[in-house]
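Visitor: Sequence:
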Amino acid sequence: MGVISISETPLHVLAVDDSNIDRKLIERLLKTLSYQVTAVDSGSKALEFLGLQDVENFQSFSPNPELEVNLIITDYCMPGMTGFELLRKIKETKSLKDIPVVIMSSDNIPARISRCLEEGAEEFFLKPVRMSDVDKLKPFLSKSERKTTGDEECVSNDNSIAIYDDDVNDDDDVEVWSDEDEQRQMFSEDQSC
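Its first residue numbered 2, the sequence shown is counted upward by one per residue in my numbering.
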């Protein structure tokens, strides 16, 4: 098999988070590395996107062959279905179980982290997600050899994160912060379940 250029076949990530700000953050970080991103705000919408028509009873599954999902990144704390429950449903579904799942949370609870990893999560990221975290996704996204572009390599070594202005909704409202103390201050509000 030859080397695949990122621009020819972008890898597809399904991002699941009930927080609009966190969805935009992860979407922006992933798109910076040329990944195709679909963002949804709940676990049930993620399962519907993946082809489970009757999410509650798992009655019907019809995957979308035109839109393969290479990785799912989900928040742990969400109303309705938690990220942990989403992980379990994915791993229980024969045709979805091989999709790598990454869990994110603002809470650093060792028992929660261990439980997610034991149930099949590939990684557990603490929020706010940073570019260095996104860089850890590459092994899970590259099932075949890929050519890394110079721009991708440059961005992936950046430890800064993108901060969204809560009052504005367009894509140009991103500031990059590299001082970790300021990052923690910006995200100090409690986002626990």
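You may find that some hints are simply not true.
Okay, derived cross-link-like pairs now, DSSO-like style, lysine-lysine, Cα gap no bigger than 27 angstroms in a straight line [what the hints assert, rightly or not]:
#1 K46 to K90
#2 K137 to K46
#3 K92 to K139
#4 K32 to K46
#5 K98 to K139
#6 K137 to K92
#7 K139 to K90
#8 K90 to K137
#9 K25 to K139
#10 K137 to K98
#11 K92 to K32
#12 K25 to K95
#13 K139 to K95
#14 K32 to K137
#15 K139 to K46
#16 K25 to K46
#17 K137 to K25
#18 K25 to K92
#19 K98 to K46
#20 K25 to K90
#21 K95 to K137
#22 K95 to K46
#23 K46 to K92
#24 K32 to K98
What follows is a set of in silico ranges between Cβ atoms, one per label pair, in the way DEER data are often shown [unchecked claim]:
#25 L68 to K139: 16 to 22 angstroms
#26 P140 to E120: 18 to 24 angstroms
#27 K98 to P140: 14 to 20 angstroms
#28 P111 to E49: 28 to 34 angstroms
#29 E49 to R29: 22 to 28 angstroms
Calculated directly from the structure, the hints in this document are not laboratory data.
Only a predicted model underlies this, so the values are computations on that prediction, with no experimental measurement involved.
Don't be surprised by glycine CBs; every beta carbon is placed ideally from N, CA and C.
Visitor: Hint by hint, work out which the structure violates, then give me just those numbers in ascending order.
Guide: Of the numbered hints, just 12 does not hold.
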